[in-house]
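Chains as they are written, first to last, in the working numbering: chain C, 1 to 69; chain A, 1 to 456.
Keep in mind that a hint or two might mislead.
From the structure, some residues in chain C lie toward chain A, with a derived Cβ separation under 8 Å [to be verified]:
| no. | residue |
| --- | --- |
| 1 | Ala-33 |
| 2 | Gln-52 |
| 3 | Pro-63 |
If you're looking for bench data, these hints aren't it; they were derived computationally from the structure.
These numbers were taken from a predicted model, which means no experiment stands behind them.
All C-beta atoms in this analysis are idealised placements derived from N, C-alpha and C, irrespective of residue type, glycine included.
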Amino acid sequence: MSELTKQEWWSPGESALIECYEDLRSVLEERGADLPPFARRNAIKALAALWQVANGLDAEPGPIDDVGA
Amino acid sequence: MAPRTDSPYWNPRHETLPRPELEALQVSKLRRLVAFAKERSPFHRRRLAAIEPDSIRGLADLARIPFTTRDEWMDAQLAAPPYGEMLAAPEEVAVRYHMTSGTTGRTPIRVLDSTKDWEWIAEMWCYGFWGFGVRPRDRVFIAFGYATFIGFWGAHYACEKLGCLVLPGGAMTTEQRVRTIVDMGATVVCSTPTYALRMAQEARKLGLDLAAGPVERLILSGEPAGSIPATKGLIEEQWGAKAADTAGMTELGTIMIFECSEQPGGTHVIEDHYIEEVIDPESGEPVGYGELGERVVTSFGRGMIPVLRYRTRDLVVRVPGDRCPCGRTWDLYEGGIRGRVDDMKLVRGTNVYPRAVEAIVREYPEIDEFQIRLWTADGIRDEIEVLVELPGLDEEDGQAPRLLARLQGDLADGHEGLRFGVRRVEGGTLPRFELKAKRVLDERTVIGGAGERRAT
Chain C
1 MSELTKQEWW SPGESALIEC YEDLRSVLEE RGADLPPFAR RNAIKALAAL WQVANGLDAE
61 PGPIDDVGA
Chain A
1 MAPRTDSPYW NPRHETLPRP ELEALQVSKL RRLVAFAKER SPFHRRRLAA IEPDSIRGLA
61 DLARIPFTTR DEWMDAQLAA PPYGEMLAAP EEVAVRYHMT SGTTGRTPIR VLDSTKDWEW
121 IAEMWCYGFW GFGVRPRDRV FIAFGYATFI GFWGAHYACE KLGCLVLPGG AMTTEQRVRT
181 IVDMGATVVC STPTYALRMA QEARKLGLDL AAGPVERLIL SGEPAGSIPA TKGLIEEQWG
241 AKAADTAGMT ELGTIMIFEC SEQPGGTHVI EDHYIEEVID PESGEPVGYG ELGERVVTSF
301 GRGMIPVLRY RTRDLVVRVP GDRCPCGRTW DLYEGGIRGR VDDMKLVRGT NVYPRAVEAI
361 VREYPEIDEF QIRLWTADGI RDEIEVLVEL PGLDEEDGQA PRLLARLQGD LADGHEGLRF
421 GVRRVEGGTL PRFELKAKRV LDERTVIGGA GERRAT
């Protein structure tokens, strides 16, 4: 996973969402194959939405097709 | 805590970034896009072979990247169907297929998008909806066919993302759509400009007063008429609502420009997700603010199909963002999309290239000569028909009617289901050409006052 670019201007709420994105991405990368279909596909959908947050906050989230999104 | 809906901006920071910071963001994204496209897409790897991503230091470096044309895209698809070597992610990641009419006959431009891409497609529409004042409390009717044409699909998902109540208007007659808008108390309506007028006409026929109803805003797309003042004025008058222009492309999957609630007479470019250049279509050199030129787009959003310096053939006039009092730093296209460099015609939201029509017509050796005729029906609706000469066929034995029906079906299949009229005319009545043929007769009239540009 590529390192996200941290921005000093993020609010606490924005920083928390970036952490959610990183955590969710890690789950899908490391344990995605073990998840039941409902959990994996919903997590992918959630990651695709959180990617927009990371991108809109200039975190440079990079591609996520490797985890199915 | 109540959710914040008071911001006029969808992404307040990006929409008000000072120009130097905005350009730095674009350069950083461009560098990553070039690296990604080179690594993932064989089509782009060849084209970008001489460019090292780290050598991109400023927007001036854009000029080192070759233009991409629609014909090159088509050729790539024809060489390696169905998608060419455009894809930058495995096909199995895609969750949706769409297409747009091609330039060379039956083969369309085919696109795929992933789950992440679709969230991004909706995100772009969110800039437009939010910027025009649409909020979670709104009930949005989408007058759209929901088929392979990408059209308002992204608008639908954007409204869901915003938290609006979406009223999908697919597979309905115009009467059903108008009645649903009224019965369900829609506050926002999405349609093409032409269809907005068509619905208003239907409402009058039904004795329904739209102007007295709850619709407050119309989001227009699919035709340049959304930025023609007289047309927009007519729509606003008939609906008793404010209308905003947007424009997008299947090649991008979504919109790239939108009109904000200040209605400055132009559309803001979504500059944190695109680099838009305006060039002289002949020389390829950039033109300045206030000059008419062709827009060239580079998109940072679509993961499955990178788009770099795509020649859109759309004509625009770019002006600084501070012409609009909304506070956005994003530049504007004054008057939206002003026309086309090429001969493409836009008919009820569908792209029609005369050369693609010709390629289909020429599959019928019985046709001696043909002409493509466009006109305005009922004062508001674009119609297209193909006139053909069939010198060797008798009407009585049914051969000619069968051929006309087949041709009509083939033309629709090649144009996202667009309804073409097909009519036989007497032999020798259509013009013949010795040099450059002019087989398109565009008799459409613009809705509105004299001096307005044509609606193509």
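Tested hints:
1. Ala-33: For Ala-33(C), the interface hint is violated, since the closest Cβ of chain A sits about 15 Å away, which is over 8 Å.
2. Gln-52: 5 Å, holds
3. Pro-63: Since the shortest Cβ distance to chain A is 6 Å, the answer is holds.
Violated hints amount to a single one, hint 1; each of the other numbered hints is respected by the structure.
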